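Just need the whole structure built from these sequences, with the hints factored in.
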Amino acid sequence: MNSVRIRSVECVIVDLPLKRLQRFSALGANDQSFVIIFIRSDEGAIGIGEAVTPSGPWWGGESVESIKLHIDRYLAPLLVGADAFAVEELRIKMDQQLHGNHFAKAGIEMAVMDLIGKTIQQPLYNLFGGKVRESLAVSWPLATGDADAEIAEAEEKLDLGLHRVFKLKMGALPPEEDVARACKIARALEDRASVRADPNEMWSESVASWAMQRLADAGLELMEQPLPRWNLAGSARLQQRFDMEMMLDESMCSVQDMLKIGYTCAARSVSLKVMKSGGLRNTKAISEIASAAGISVYMGTFLESSLGTAANMQLCATLSNLPFGGELIGPLLLADDLCEKPAIYKDFRLWLAEDGPGIGVTLDKDKLKHYQRDRSQVVQAVA
Numbered sequence: 013m014n015s016v017r018i019r020s021v022e023c024v025i026v027d028l029p030l031k032r033l034q035r036f037s038a039l040g041a042n043d044q045s046f047v048i049i050f051i052r053s054d055e056g057a058i059g060i061g062e063a064v065t066p067s068g069p070w071w072g073g074e075s076v077e078s079i080k081l082h083i084d085r086y087l088a089p090l091l092v093g094a095d096a097f098a099v100e101e102l103r104i105k106m107d108q109q110l111h112g113n114h115f116a117k118a119g120i121e122m123a124v125m126d127l128i129g130k131t132i133q134q135p136l137y138n139l140f141g142g143k144v145r146e147s148l149a150v151s152w153p154l155a156t157g158d159a160d161a162e163i164a165e166a167e168e169k170l171d172l173g174l175h176r177v178f179k180l181k182m183g184a185l186p187p188e189e190d191v192a193r194a195c196k197i198a199r200a201l202e203d204r205a206s207v208r209a210d211p212n213e214m215w216s217e218s219v220a221s222w223a224m225q226r227l228a229d230a231g232l233e234l235m236e237q238p239l240p241r242w243n244l245a246g247s248a249r250l251q252q253r254f255d256m257e258m259m260l261d262e263s264m265c266s267v268q269d270m271l272k273i274g275y276t277c278a279a280r281s282v283s284l285k286v287m288k289s290g291g292l293r294n295t296k297a298i299s300e301i302a303s304a305a306g307i308s309v310y311m312g313t314f315l316e317s318s319l320g321t322a323a324n325m326q327l328c329a330t331l332s333n334l335p336f337g338g339e340l341i342g343p344l345l346l347a348d349d350l351c352e353k354p355a356i357y358k359d360f361r362l363w364l365a366e367d368g369p370g371i372g373v374t375l376d377k378d379k380l381k382h383y384q385r386d387r388s389q390v391v392q393a394v395a
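All the letters of the sequence shown, read from the start, carry residue numbers 13 to 395 under our numbering.
The hints are simulated quantities; they were obtained by calculation from the structure and are not laboratory data. This structure is a prediction, so every number in the text was calculated from the model and none was measured. Cβ atoms here follow ideal geometry from the backbone N, Cα and C, with glycine treated the same way.
Derived pair list, reagent style DSS-like, types lysine-lysine, alpha-carbon separation capped at 27 Å:
#, residue 1, residue 2
1, Lys-169, Lys-358
2, Lys-296, Lys-143
3, Lys-296, Lys-358
4, Lys-169, Lys-31
5, Lys-358, Lys-143
6, Lys-105, Lys-296
7, Lys-169, Lys-353
8, Lys-31, Lys-196
9, Lys-381, Lys-353
Computed spacing ranges between beta-carbons, pair by pair:
#, residue 1, residue 2, range
10, Glu-233, Asp-160, 14 to 24 Å
11, Ile-132, Trp-363, 15 to 25 Å
12, Glu-77, Arg-17, 22 to 32 Å
13, Gly-173, Asp-367, 21 to 31 Å
14, Asn-138, Ser-303, 19 to 29 Å
15, Arg-17, Ala-161, 45 to 55 Å
16, Ala-305, Glu-233, 18 to 28 Å
17, Ile-356, Asp-84, 31 to 41 Å
18, Glu-146, Pro-240, 32 to 42 Å
19, Pro-89, Pro-69, 21 to 31 Å
Here it is as structure tokens:
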């Protein structure tokens, strides 16, 4: 097979309800929106991708509305008639046409890679070197801001065998209240679960210095991104001062960011996210740079559906350097899903979907149409 020509690119926005309020440092959300992308070849094969932001543009500047607009107006015309196997050439063309917009490009690349996998009848993990794992240990976010309610939530997850690692979303409360809340939760779960903290850039270096010792004394094992993303020097000082593991997320989006973190020793771990880095291939490259620098990786989440979660897990299957696991729990927070077979969680882990080539999932056409934002549109790609 010499080439596979792309015939059409379509995308729709879907809005799915969450089971409960999901609180970030900047906002709280009761639903989650997705851009679902369909890329059809001349032979009729369809690659499916997902672009998702964490409940709006506050994190990286992109929204589902801007993603769809940029794909429809600027990226889709570049792809029609192109060879799907020329992934690097397509990346270069997209970067020349549109600055930034990594979430939109990541969704496009995911659909292209799914199309390639389906064309050659291979799962995505074989396009990234083959699998070294079947599952991923997953943490659960505690994000209501109420310590007693979060302790009860954690106890339930432990009893059900779903999670024994919990990450506290912090930064929405005053630091004194947030730290007291975290310490109470950590002590309540002592010797039974691991507890981590994520202030999402909301603290100054002085506040973080004050907080980290108290959190470490209470038993928290990891601190994720306490400082603004630009402050790598401050992150390096915190990592050198405290034994608690430092993980960077917002500070690490590109391969260049990863190189800077390695040079400055700003953290011992980094959080990978396919969307923020512009695609699966860039994320794989970042993981390899991190490993070369002796820095471990973690698979973060933007609350993907089972589609995006399966694509992330296909990549995770090829990564060996994941001592803290990941946080691919979007499907567990959603009140409904878009896939015929939702993501599989058991024994405190997410398991690799291997129901077919490419990403390995099938969309539920009825649910896609039900949750589509503009229901007057007909999604021809899955008809």
